[in-house]
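Two independent chains are provided; combine them into the complex using the hints.
Chains A and B are the protein sequences, given in the same order. Here UniProt numbering is used: the first residue of the first sequence is 1, the next is one more, and so on. Here UniProt numbering is used: the first residue of the second sequence is 1, the next is one more, and so on.
Derived lysine to any residue pairs resembling SDA-like cross-links, with alpha carbons at most 20 Å apart: (1) B/K272 <-> B/E609; (2) B/K634 <-> A/V18; (3) B/K634 <-> A/R19; (4) A/K26 <-> B/K757; (5) B/K449 <-> A/V10; (6) A/K25 <-> B/K634; (7) B/K449 <-> A/I8; (8) A/K25 <-> B/G754; (9) A/K26 <-> B/G637; (10) A/K25 <-> B/L702; (11) B/K634 <-> A/L16.
Bear in mind the hints are in silico, worked out from the structure with no lab data behind them.
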Amino acid sequence: MGTVVVGIIVAGVVALAVRSMVRDKKNGKSIQCGGDCKNCGGHCH
Amino acid sequence: MSIKIALAGNPNCGKTTLFNALTGSNQFVGNWPGVTVEKKEGKLKGHKDVTIMDLPGIYSLSPYTLEEVVARNYLINEKPDAIINIVDGTNIERNLYLSTQILELGIPVIMAVNMMDIVEKSGDKIYVDKLSKKIGCEVVEISALKGTGIQKAAEKAVALAQKNKTSIPVHEFTKDAEDIIERVEDKLVGVVPDAQRRFFAIKLLEKDDKIQDQMNTSVDVSKEIAEMEEKFDDDTESIITNERYTYISSIIGECLKKDRKEKLTTSDKIDKIVTNRWLALPIFAAVMWLVYFVSVTTVGDIATGWANDGVFGDGWHLFGIGTASYTEVADEYTDAETIVNGFLDYESEQGVDVESVQTALDSEADDYDPAAAKAALTEFATTISDADTATYSVVDEETMADEEVTSTGADFQEAVATMDKYDYTAPDPADYGVWIPGIPVLVENVLDKVGCAEWLRGLILDGIVAGLGAVLGFVPQILILFIFLAFLEGCGYMARVAFIMDRVFRKFGLSGKSFIPMLIGSGCGVPGIMASRTIENERDRRMTIMTTTFIPCGAKLPFIAMVAGAIFGGASWVAPSAYFLGIAAIICSGIILKKTKMFAGDPAPFVMELPAYHMPTIGSVLRSMWERGWSFIKKAGTIILVSTIAVWFTTYFGVMDGKFQMLSEDQIDYSILATIGKAICWIFIPQGWGNWQATVASVTGLVAKENIVGTLGILYGGGDASVYATMGAAFTAVSGYSFLAFNLLCAPCFAAMGAIKREMNNTKWFWTAVGYQCGFAYLVSLVVNQIGGLFTGAGFSIWTIVAIAVIVAFIYLLARPYKESQTLNVSVKTSRAK
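Here chain B stands alone, though its shape is the one from the complex (with noise of 0.2 Å):
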C-alpha cells in the first residue's frame, strides 16, 4: 500500500531539511522564506511505498501567498494519508497558529518540535506530553539538523498513516464562536467531507473568497458572519485569529517553561552589532568583499592559475617538487635569450645582416638546431665587444607593454656564455622535480603519435581544449566562491542581509523581500527570477525580475576574474566592484522604475523569521559547493563544448580570395566570425571595445555566460603570447572594466531570458526587460568609457557629451519627485448623451 505524508510547517523551521534527512535527497535548504515555492516528493528512506512531499513554508491556510495556496490545494484535494507539522521549537506559540488549522483538515497528524538541540541550548523546556494532549495529535522532538529523533517520527507517521485515524482537533473557541461555527458545519453535511467540516465551515466565516472554489455546493453563510461580526465587534477573520491565538496562550503556559534569565543570546549579541544601523551596511561591503577577494584574488588565483598554466596548460610540478630551480634556470636562460636577441635586433637596426643567426637561433621554428644555432651565435659574438652597446625593446610577456633596454656588450658574452651552458636549448621543466603535463599537452602528443590532421589537431586543440580550459579552468575560484556563498547562507548571515538591505529597498519602494531573489541569483539567474514568484505585488515582482540578473551569478565570475587578471594584472578591487556594481544597478534601477507609473505604489511589508546563527555543517556546506559547482562543470561538457566547437569553426574559416578555406592564425580577420563580429562591433565603439572579438565574446555569451571565457580563449590563444597577455593588450583599463560593466549588466543567458519569459507571462514585458538590461548596460559601460577617457586623457568627443547627458538625466530620473505615489490615478469613461 503507498503512503503519502506531507511535511508541513512555518518558513524557516526545518522542513526541507527534515525532507532530505528522510528521504536522502539533496534538496536546497535555505535559511529565507521563499525556497520551496513549489511542492517536492521523495521516498522515505528503507520504504519504497511512502512518499514523503516538501510543501512550501506557511505561515497559516489563507490564500495570501502563492506558498499558502500550492500548500493548501494540495492537502484539501490530494489528501495526503498523514501530515508530519513540523514546528520551530524556539518559536513553539506562533508556529502553533498553523498547527491549530492543520488539525482541522480531517487528516491524521503527528507533530515534530525541531531544533530541540537549540531549545535544550538555551535552557527552555517544552513538555512534549502536555502538549500532545493540549493540542490533539501525537508529539515528537527531533533536531532535523542533528538527525535527532527524525526516524521516530517518521515511523510514527507511517503507523499513523496506516491506522487512518483522522485527528480530531481538541482546541476550542469561546462559546459563541463555538455556536456559530457549529451551525456552519451543519449546512455543510453532504457538502464537504465530514471529517473536513470544520475547516471548511471556518474558512467560510472568514470570508475566504477561493474556499467556495473547492466546494461543489455554493452555501450561504452570510447570516452567521454578520451575526458573529456584531457579536465581536470585529471583522470574522480577526475573530477566528484572536480565538486561535487565546486558545494558543491558553495551553501554553502548561506546555512551554522558559528559561526566565533575561540575558541576550549569542546571536543577539551578534546581531548587535551586524545588524546595526550604522554599522550593517559597512560589514555586509566588507564581507562581501573578502568573499570576492578570497575567491577570485588570493586563494581562488592561485587554484586557478594551477588549473589554467598547469592542467590546462603546459603541465606542473607536483606538490611544487621541483619549481623554484626550474624557475630559476628558466630565467636565467630566458634573461640571456632576450639579451642576445636584442643585440641581433639592435645590429639589425643598424644595417649587420644578421638575419642567418636570428633563423639559426628560432627555437620555434620546427628544424631548430641547437648545434647550428651555437656556430651561427659563436661566428657573431667574435663580431662584438665588450665596450658595445645595444638598446632594444622588450615586451612584458603579462602586460604587453615594451620596455627600452641598453645591454652591454659583456653583458652580451656572458647571456652567449649562458646559453651554452643550457646547449641552446630552453630548460625543460620536466627535468625537474616531478612534472605532470598538462591536458593540452597529453593531447598534442597523443595526435602527434595518431599523426592526426591538421585541421583535426586545430578543432582540438585550439577550439575544444582551448575554449573549454579557459572555462574549467576557473572550477577553483567558482567552487570557493561557493564555499563562501554556502557558508554565509547556512550560518544565517545571508537572511540577516535581506534583513539589512530592507532598509535600503525600501527607500525607494522596494522590500527586503526582493533581494532573497538576489540572494538566490548570485548561484544562478534562473532560480533566482523564480524566487520573486514570493512577491505578492505584481509590480514589484516585475521589477524585480528585471534587475535580479544585474547581481552577478557563477557563470559571470570566470569573466569577472579573466578581466581581472588580463586586463587588471590581477587587482584585488575588480571583483567585489562587479558585485557592488550590480547592487548600484539594482537600486538606481529600483529608484528610476519606482517613480515611473508602470512600477509606483508602496512596497510591500517584509516579515522575515532571523534564525539564530549555528556553525553549519561541513557536509551541507561542502554538497551545497559540490552541486553547484558541478552543474557548472556540467555546462562545460554540454553546451560549451557545442559552442566551442562553433566558435572555432567559425574563426577558422572563412572566406578569403574570394575562396571559402581553413585560415591560418594569422588569417582569422577573415573568418565567419570576424566578419560577423566586424558587421556589429561598431555598435560598442563608444563603449571603448569596438572590436570584433570582444563583440562575438559578447553574443556568443548569450548562450552561456561561459562562453565569454571561451570565445576569447579560442580568439586571443592563437599566437605565441598568453591569451591574458593578447587580451590585456586589446583593452585599455577603462575600455576592460567598460566591457566588463556591459557583460556583468546586459540581457542575461538564454535560460534565464527563458525564466524572465515564463515569469512575466507576457511578451510585452519580457521585451521591456530584455531592452532594459540592454539599454541600461549600454548607457553605463558608455559613461565608464567616455568620463573615465576623460582621466586617463583619452579626449574629448562626442561621445563624451553623450555619457555627459546620459549622467545629467540619470540623476534627473534618481532625484525627481515621486509623484505617482502621491496621485490616485483613476480612469474614468464619459460618454455623450444622444
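Chain A extracted, bound-state conformation (with noise of 0.2 Å):
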C-alpha cells in the first residue's frame, strides 16, 4: 500500500513537471534554460 501511496506521489510531481515544461514549450519558452524570460528578454520567442 505504501508503496502505491509513494508511487502515485512520485508520478504527480514528475506529470506536474513534464507538464510545466510542455506548456512552457507550447508558449515559445525554452525548457532547457530555466525560462527566466524576464532577464534574458525573451529573445527566444
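Written out as C-alpha cells, the structure reads:
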C-alpha cells in the first residue's frame, strides 16, 4: 500500500514537472534555460 | 480607452529602470548597450488601460542598428498615443539629438530628464521651463532610480495622450535647409500623414533607403538632394546632422548651467585607476578572481557545505549549536574504531581467524548488536598485549589516499576502552545541541514507515534526492556569485570591463561590443548569444556567437565547484581559473578565426557611454540575484528532475546474466548507462578520463549543464564513501582539470545550442559553431592531460606527440600573418566568346 501511495505521489510530481515543461514549450519558451524570460529579455520567442 | 505610451531614449539613459518603476515589472536592467534588443510592454501601475512600451536604446532614428530599426518601425507604424522621451540629464546635449527627431514624428511627446539627482549633485542646473519652450514639448525632471518625478511624468504622458495633441517641433534649421525640406514636404501631401511629413521629408533627403518601404508611393527627391549638397558642399545626411547640432548648441546655453569648477568627479578619479592602460587588466583579473574565490571557495564553500552535508546530507546543528562537542566525541570514537579495525586487519593478515569479531563489529550491518560487539571485542582484546604492534593502512575519507599507520597494543586497549565508553555505538549528532535532520534522512524515515518497495526507495533516494540534492546543494554558491555579478553590473564596473576588453579584443579584430554578450553569458548563455544581435558586422556576430559560451555560465558553476572540491581539495585557484580559461579560449579563438577567410575584416567601431559609478540599491541587487537564482531552482524542479530519473533508471537497470533486471550498487557496471558510456568513453582516453561515468556525465550535461553534477552525484554516490571522495579517487589532478576544461568549452546545453541555431539562421553555420566548440574543447583537454601528465610522471605516449603537434599548430595559427586583411578578394567570372 505504501509503495502505491508513494508511487502515485512521485508520478504526480513528475507529471507536474513534465506538464510545466510542455506548457513552457508550447509558449515558445526553452525548457532547458529555466524560462527566465524576464532577465533574458525573452528574445527566443 | 486604451492608451499606448512608448519610452524612447538613448542607450543607458534609464528607460528600463523607468519602465520597471512605472509598471512594477522586473525587466533586466544593465548599464551597457544592447540590454533591450526588442520592445517590451507592461501596464502602468494603477492604470489597466495604459500600456507602457520599453523600446531599445537608440542614438537616432536612422536605421543603422537593429535597435534603431525596431524602435523606429514601432514609432512610425504603431503610432503610440504618446512618447516619453527619456533624456540623460548628465549628457543632455547629446541626448537632445534624438529628441529633435522624435519631435518630428507627429506624436505627442513629453520629455523626462532623468538622473536629476546626479545632475544636482554635480552642481549643474537644467532650466526645464526654458528647455520646454526651446524644444517644443513638456519637460519634467525625474530620477528613475530613486523614483522621484516618475509618477508626474506618467500622469502628464497619459493626459497628453488623452488630449491627442501632437507635439510640433519648434527647432529650425538654417533658411536654405528649411526651404528645401519644405519643398519635399509639399511633395508628400497625401502620401504620408500630415504630422509625419517633416520626418519623412528629412529622411528622404538623408537618402534613408528603408524609409521608402514605409511609404505607399515612391517620391523622387533627387533634385532637392542635389541642390542641398551643392549649397552646403556636403552630403545631405551630414548636413542635417550638423543642422540639428547647430540648433542644440544654440539653445543649450540658456537651458543648462554647468558647474564651472573643472574638478574631477569621483567616477573620473576611479576611472583613472580602473581603466588605466596598465592597471585595467590586472584589476579586472583581481576582481574576477575575488568574485570566484569568495563565491566558490570561502563563503560559498561554507554555505554549500552546509547545503550539501546538512540539508541534502545527514542533517545539521541549528546555528552550529552542539557541533563542537559532537565533533570531539565523534572523532574520538572514529579514531578508536580505526585502531580496532586496523588491529583486526593486521591479525587477519597474520593468519589469525578474526572474521567473527569483524562481523560482530560491523556497525553498518542490519543486525548489528552492540552487546555482541562488546563480547566479541572484549574476548579478542585478551589476546593483545601492550607491547604488540600492528601496521595497517587507513583510507583518508576526503582524498581516498592510503596511509600506513602503526599502533601499539596499548593504543588498542585504549581504543577498546573508548568504544566501551560509548557502548559500541557511534555518537549520534542528534544527541548534541539542536539537530535538524537532512532531507534524505527525513525522506528515508517516511519511506521506511510506509514500507516502500526497494526499487521505489532507490528511485527516490538514489535518483531524485541524490541527483537534485547534488544540484540544489550549490544554490548558495550560485546566489553569492549572482550577488557579486549584480553588484558589479549595477555599480557600473562591468560597463568599464567592456571598454577595457575593447582594447584587447581590437588587437585580434573584434570590438568590445563582442564582450557584452560574454558578460551577459556569465549568467546564462542563451541571453548572451541573443545579445550578439547588437553586432552589426555579420562575421563578427557569428564569431561572437561561436565563442560566447566559452565563458562559464551560472549552470556550470556547480560543476566547477564540484571539481574544485572533489578533485582539488577545494583549492582556491580552480574556480577563477575556469573563468580565465574561458576568456583565454575566446581570445585565442578570436585570433585564430579572424585570420581565416570566413571571419576576416576590420573590427566595427565601439561606442559606449560609461555611466557614473553609483552604489546600486540593495533591492535591485537582491532582486537580480533572486531572479537568476530562481531560474536555476526552477530548472531543478523540471528538466533536472526528469533527467535524474532517467539517469537513475539507466544506472540501476541493465542486462545481467542475460536478464534485464534491477541492479545493486556493485552491479551498475552492467547498467544501460554503463553500456552506452563504455561504447563511447574510449574517445576520451587521451583526455585521461575515458571512464564511462565521466563520459555519460558529459553527455547528460548537454541537456543542461547542472546535469553533470546530478549525474556524478548518482553515479559516485552509491558506495560507503562520499560522492567527493569517490570522484576524487576516479581522477588525478591533471585528468580532473582536463575533464573540467572539456565540459567548460564544449558545446553548451541544448537551450544555448537552440539559441545558436536561431541566431545563425543557417544549419551549416550552426554545425560549424558546435563542431568548433567541441573540437576546441577536445584539443584543449587533450593538451591539458598529456602535457600535464609529463610534469606529474604519467609518461610519454603517442598522444603526447599529438598534444605537442596540437600546440605547435596552435602557435602557428596564433602567430601566422594576417593576410586576409591586406588582400582584396574579388570574384571575377570570365566567359569565353563563342
